[in-house]
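**Student:** Listed below, chain by chain, are the residues.
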Amino acid sequence: MSSFLDRLLNREPKSAEQAKERLKLVLIHDRTDLTPSEMAALKDELIAVISRHIEIDPTAVKIEMSHEGREQRLIADIPLRPIRRRRVY
Amino acid sequence: MTAKVITITSGKGGVGKTTATANIGVALAATGKKVVCIDGDIGLRNLDVVMGLENRIVYDLVDVVEGRCRLRQALIRDKRLPELYLIPAAQTRDKSAVSPTDMIRLADDLRPDFDLILIDSPAGIERGFRNAIAPANQVIVITNPEVSAVRDADRIIGMIEAEEKGPARLIINRIKPKMVQRGDMLSVNDVLELLAIDLIGLVPDDDDVVSSTNRGSPVAMDGKNKAGQAFRDIARRLSGEQVPFPNLEEESGIFARLARWIRREEE
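Chains as they are written, first to last, in my numbering: chain A, -11 to 77; chain B, 842 to 1108.
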């Protein structure tokens, strides 16, 4: 997120801004102890389990960490496949 | 009296734990509170030199714990402030010489005779840190507005919560207002947003901290100094007073103000 002034003068974002953005990402991983590959494994397993019960679109599944204050939350967005209606004559 | 135990910790080394402990101790004692500062950094003691009491050590923390002396014999009284005491760390031993249970017992023995017990934690997340927070009623985390210090502070805040010693309160030390104005140092709000804990002190970077430490006379003893004032404010907040935080990041120049105004318009 570069500011209007930065863009106007075509300069790099301020170092403090970079520090903040980098820290945001680092702290999410530090707090959860979950590496990106473990996250990917979690996602695959979730897809497998849910698919057994309901039809979903595995490519559209999104899993991410969000945080509010010091509270961490795992958010999964799992779009369902439209149910194919049986034709009734 | 039943003393409140306050532990000052940081995760990362070199951010100002010992200086903060000495100065908060001085500031509290100057308001008439009876205070003892305990150096928890066994093997790397420094609180004694920062407080200027290094020549008066006879017994130390490990001597007390191992029963070589009575508690009273290890208490060094600061002659400049009659209500201020120090229990130094042992220099020839390591962190394993003391256990969290020892620290709890020590604090319990001191509690009836003091208003406040300040413990200077060593850096790191191991035994020394666990010893230091074991008897704490309140933990203060100190950090600098730098990536490594903020990251380590976040980790230590998580550990304090896990040990059920939270919520910790934050001191941001060595703020350089000019660098913050230039956008080259994390601002107070940036750090608070990242760490999401309550603030208890903002200390500006100040050359006088180095020179006063050289002399062994904590900067909070100097009534005019800015960093000293920041530590006196922290002491008052610890005593339950509402003290407003000074704005250390006030932009002075016309261009700086203009730039800030344009940035605000954008939001």
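Careful: at least some of the hints might be erroneous.
[What the hints assert, rightly or not] Cut-off 25 Å, straight-line C-alpha distance, at most; resulting in silico cross-link-like pairs (SDA-like, lysine to any residue):
| no. | chain 1 | residue 1 | chain 2 | residue 2 |
| --- | --- | --- | --- | --- |
| 1 | B | Lys853 | A | Ile44 |
| 2 | A | Lys2 | B | Arg913 |
| 3 | B | Lys1006 | A | Ile16 |
| 4 | A | Lys12 | B | Gly855 |
| 5 | A | Lys2 | B | Ile966 |
| 6 | A | Lys12 | B | Asp1047 |
| 7 | A | Lys31 | B | Lys853 |
| 8 | B | Lys853 | A | Arg(-1) |
| 9 | B | Lys1017 | A | Arg10 |
| 10 | A | Lys2 | B | Asp1025 |
| 11 | B | Lys1017 | A | Glu9 |
| 12 | A | Lys12 | B | Glu1090 |
| 13 | A | Lys2 | B | Arg1010 |
| 14 | B | Lys853 | A | Asp45 |
| 15 | B | Lys853 | A | Leu15 |
| 16 | A | Lys2 | B | Asp1047 |
| 17 | A | Lys2 | B | Asn1030 |
| 18 | A | Lys50 | B | Ala1003 |
| 19 | B | Lys853 | A | Glu5 |
| 20 | B | Lys853 | A | Ser39 |
| 21 | A | Lys31 | B | Asn1030 |
| 22 | A | Lys2 | B | Ala964 |
| 23 | B | Lys853 | A | Arg19 |
| 24 | A | Lys50 | B | Asn1030 |
| 25 | A | Lys2 | B | Lys1006 |
| 26 | B | Lys853 | A | Thr23 |
| 27 | B | Lys1006 | A | Arg19 |
| 28 | A | Lys2 | B | Arg992 |
| 29 | B | Lys1006 | A | His17 |
| 30 | B | Lys853 | A | Ile16 |
| 31 | B | Lys1019 | A | Ser54 |
| 32 | A | Lys12 | B | Lys920 |
| 33 | B | Lys853 | A | Glu0 |
| 34 | B | Lys853 | A | Ile35 |
| 35 | A | Lys12 | B | Ala1003 |
| 36 | A | Lys2 | B | Val890 |
| 37 | B | Lys1006 | A | Pro1 |
Hint data in this document are derived by calculation from the structure and do not stem from the laboratory.
**Student:** All the hints need checking, so say for each whether the structure fits it.
**Tutor:** Going down the list of hints, with the structure as the test:
1. B:Lys853 <-> A:Ile44: Violated. Lysine 853 (chain B) to isoleucine 44 (chain A) sits at ~46 Å, over the 25 Å cutoff.
2. A:Lys2 <-> B:Arg913: Violated - the C-alpha atoms of arginine 913 (chain B) and lysine 2 (chain A) are around 54 Å apart, more than 25 Å.
3. B:Lys1006 <-> A:Ile16: OK: lysine 1006 (chain B) and isoleucine 16 (chain A) at ~22 Å, within 25 Å.
4. A:Lys12 <-> B:Gly855: Roughly 23 Å between the alpha carbons, so the hint for lysine 12 (chain A) and glycine 855 (chain B) holds.
5. A:Lys2 <-> B:Ile966: Not OK: lysine 2 (chain A) and isoleucine 966 (chain B) at ~32 Å, beyond 25 Å, violated.
6. A:Lys12 <-> B:Asp1047: violated (28 Å)
7. A:Lys31 <-> B:Lys853: The hint is violated at about 34 Å.
8. B:Lys853 <-> A:Arg(-1): violated (33 Å)
9. B:Lys1017 <-> A:Arg10: Roughly 21 Å between the alpha carbons, so the hint for lysine 1017 (chain B) and arginine 10 (chain A) holds.
10. A:Lys2 <-> B:Asp1025: Between lysine 2 (chain A) and aspartate 1025 (chain B) the Cα gap is close to 6 Å, so the pair holds against 25 Å.
11. B:Lys1017 <-> A:Glu9: Distance ~20 Å between lysine 1017 (chain B) and glutamate 9 (chain A) Cα, so the pair holds.
12. A:Lys12 <-> B:Glu1090: holds (22 Å)
13. A:Lys2 <-> B:Arg1010: violated (28 Å)
14. B:Lys853 <-> A:Asp45: violated (45 Å)
15. B:Lys853 <-> A:Leu15: Holds: lysine 853 (chain B) and leucine 15 (chain A) sit about 15 Å apart, inside 25 Å.
16. A:Lys2 <-> B:Asp1047: holds (24 Å)
17. A:Lys2 <-> B:Asn1030: holds (16 Å)
18. A:Lys50 <-> B:Ala1003: violated (29 Å)
19. B:Lys853 <-> A:Glu5: Between lysine 853 (chain B) and glutamate 5 (chain A) the Cα gap is close to 22 Å, so the pair holds against 25 Å.
20. B:Lys853 <-> A:Ser39: At roughly 46 Å apart (the allowed maximum being 25 Å), serine 39 (chain A) and lysine 853 (chain B) break the hint.
21. A:Lys31 <-> B:Asn1030: violated (34 Å)
22. A:Lys2 <-> B:Ala964: Since the Cα atoms of lysine 2 (chain A) and alanine 964 (chain B) sit roughly 30 Å apart, the hinted pair is violated (cutoff 25 Å).
23. B:Lys853 <-> A:Arg19: holds (17 Å)
24. A:Lys50 <-> B:Asn1030: violated (31 Å)
25. A:Lys2 <-> B:Lys1006: The given pair, whose Cα atoms are some 36 Å apart, is violated under the 25 Å limit.
26. B:Lys853 <-> A:Thr23: Roughly 23 Å between the alpha carbons, so the hint for lysine 853 (chain B) and threonine 23 (chain A) holds.
27. B:Lys1006 <-> A:Arg19: Roughly 17 Å between the alpha carbons, so the hint for lysine 1006 (chain B) and arginine 19 (chain A) holds.
28. A:Lys2 <-> B:Arg992: holds (19 Å)
29. B:Lys1006 <-> A:His17: Holds. Lysine 1006 (chain B) to histidine 17 (chain A) sits at ~23 Å (cutoff 25 Å).
30. B:Lys853 <-> A:Ile16: holds (19 Å)
31. B:Lys1019 <-> A:Ser54: violated (33 Å)
32. A:Lys12 <-> B:Lys920: violated (47 Å)
33. B:Lys853 <-> A:Glu0: Status violated; Cα separation ~29 Å.
34. B:Lys853 <-> A:Ile35: violated (40 Å)
35. A:Lys12 <-> B:Ala1003: The hint holds at about 21 Å.
36. A:Lys2 <-> B:Val890: violated (39 Å)
37. B:Lys1006 <-> A:Pro1: Judged against 25 Å, a Cα distance of about 38 Å means the pair is violated.
Of the numbered hints listed earlier, those contradicted by the structure are 1, 2, 5, 6, 7, 8, 13, 14, 18, 20, 21, 22, 24, 25, 31, 32, 33, 34, 36, 37.
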